[in-house]
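Chains as they are written, first to last, in my numbering: chain X, 431 to 757; chain R, 982 to 1210.
For the record, the hints were derived by calculation from the structure and aren't laboratory data.
Nothing false has been slipped in among the hints.
Pairs of lysine to any residue residues, derived as SDA-like cross-links and limited to a Cα-Cα distance of at most 25 Å, are as follows:
| # | chain 1 | residue 1 | chain 2 | residue 2 |
| --- | --- | --- | --- | --- |
| 1 | R | Lys-1055 | X | Val-647 |
| 2 | R | Lys-1086 | X | Arg-621 |
| 3 | R | Lys-1055 | X | Glu-639 |
| 4 | R | Lys-1086 | X | Pro-648 |
| 5 | R | Lys-1086 | X | Gln-620 |
| 6 | R | Lys-1055 | X | Gln-636 |
| 7 | R | Lys-1170 | R | Val-1146 |
| 8 | R | Lys-1170 | R | Phe-1001 |
| 9 | R | Lys-1055 | X | Ser-554 |
| 10 | R | Lys-1170 | R | Val-1191 |
| 11 | R | Lys-1086 | X | Val-647 |
| 12 | R | Lys-1055 | X | Arg-552 |
| 13 | R | Lys-1086 | X | Tyr-649 |
| 14 | R | Lys-1086 | X | Leu-622 |
| 15 | R | Lys-1086 | R | Glu-1103 |
| 16 | R | Lys-1086 | X | Arg-640 |
| 17 | R | Lys-1086 | X | Arg-650 |
| 18 | R | Lys-1055 | X | Phe-627 |
| 19 | R | Lys-1055 | X | Leu-549 |
| 20 | R | Lys-1055 | X | Thr-553 |
| 21 | X | Lys-526 | X | Asn-674 |
| 22 | R | Lys-1055 | X | Leu-653 |
| 23 | R | Lys-1086 | X | Ala-625 |
| 24 | R | Lys-1086 | X | Leu-653 |
| 25 | R | Lys-1086 | R | Gly-1010 |
| 26 | R | Lys-1086 | X | Glu-638 |
| 27 | R | Lys-1086 | X | Gln-636 |
| 28 | R | Lys-1086 | X | Glu-639 |
| 29 | R | Lys-1086 | X | Ala-623 |
| 30 | R | Lys-1086 | R | Leu-1059 |
| 31 | R | Lys-1170 | R | Asp-1180 |
| 32 | R | Lys-1055 | X | Ala-625 |
| 33 | R | Lys-1086 | X | Thr-654 |
| 34 | R | Lys-1055 | X | Arg-650 |
| 35 | R | Lys-1055 | X | Arg-640 |
| 36 | R | Lys-1086 | X | Asn-637 |
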Amino acid sequence: MTRESFLNAVLMGFLLVVPLAAWALDEPFIITLTTRAVIFAIAGVGLNLALGFGGLVSFGHAAFFGLGGYAMGILAYHAQTYTPLMDWPFVIEGTKSMLVIWPVAIVASGLAALAIGALSLRTSGVYFIMITLAFGQMFFYFTISWSAYGGEDGLSIYVRNSFPGLNTMDPIQFFAICYGVLVLVLAGVQRLAHASFGLALRAARQNEERLQAVGQVPYRLYLTAFAISGAITGLAGALFADLNRFVSPSMLSWQTSGEIMVFVILGGVGRVYGPVAGAALFILLEHTLGGLSPYWHVYLGAILLGVVLFARGGIFGLLAGREVAHD
Amino acid sequence: MSLLSLSQVSAFYGPSQALFDVNFSVAEGEVVALMGRNGMGKSTTIKVICRMLQHRGGTVMFAGNDVARLPSHKVARLGVGLVPEGRRCFADLTVYENLIAAARKGAWDFTAVAELFPRLLERRGQAAGTLSGGEQQMLAIGRALMTNPTLLLLDEATEGLAPVVRQEIWQAISKLKAQSGLAIVVVDKSLQELRGVADRAVILEKGTSVWNGAFSELSAEVTDRYLGI
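Generate coordinates for the entire structure from the input sequences, incorporating the hints supplied.
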């Protein structure tokens, strides 16, 4: 077992033990806090696929996070108001089932990522950052003006969506669902990262021309990674909206894109479990520093500066060493 | 029929013409040495074949396809494997990952490459950027073989390597010629080693192919005239 694998196991164990202990001590707030960290971790793992493995600095991932959230919100809203989502040419009802909502969120955000990526990936560097930011802002302002679904005020869902055999209103059971999704996402991304697709993606980040010389097409690799990345982030958005039973345009703001990027950078860019550590640390800092001062982002900024300047591999780089190749 | 043929090929770097009139062909299973002094257009010719540089005049045909109409990844998929000058592996990937990233279906897989270069098997989990120059060269050849090419282009494959390592690389090239039936274009300056593997030689002088024939017919006068310092 490598040091990195050991750290991965410790991290996942920590995320499991904390809410279980909180459940035993009857501290539902801690369970909710950990659930938040787990959902943010899923979003971070999604972004990491594009940013960490493909080197695509996307500042528009909040759009996919929000799309996932709105997919959940709209379907649940129509189910709770007993109004069909559409009635012509055929009737589509809303739903409160997570097993239906998740695929819709994944497909909607994945398709949006595919369309945005197809255009954005024709640029690179700072232009790519700007164009993804612009797309993100387009979606943000669209939701603000979308009065049918609450506009700027957002959309409230009275009861959490259902999952077969579980009471999703119970914090520990909802945590279990989110943790299960995180494990599945991590397993999928780990597999993808070590398959020829993931390796070629990492190779493209290093040198596109060299990769073309062995018959690969970097644009296709980037686009696929971007679409999968968007789909995973959308799934996280659906869970986040379910956690809060509320979806609003703030989920699509550029600050949200920045926060997801912070999870990745804090934890370790290009490490599969990096964003999990980043999200956990972010929530921990938000909770502890936020209690000390309303200006806790200043401290977070200082920590981020320290990571960028002195620990480029993030927390994982610091603890597991810089070598990622032996994973 | 030739696997690769270049006919009156000219190419430019911006306004500067680098290739004027390059003509040669490579048959299936043939090893051709592309020779010439520094700056005579050998690497440029390799780039043109791989479509990493667009030629302006003449035709480059590979396996019946006009290369001018294809992007570089399609040329590679048709069966052109490149071992670029300066090795250029993917430094952050391990040896195994470098090979798998390039893999396409065919006889060449990790086991076959590791058999040709046992050193790569020993270094399987090591990041390519931390390998010695010779090991990186082996990896670059292995990576090109993993694409299962029908034509292998070796651009200065032994340059800057220790004599012992050079010998290993030449042995591997000889083995490739004997066992795989690959067509190979070798760009190198080592006449003695080339004599052991090359069937034919093409000499470039100021961007033009000036001599083309069986390697055994390469006379001292020709080598002095075009390859001497």
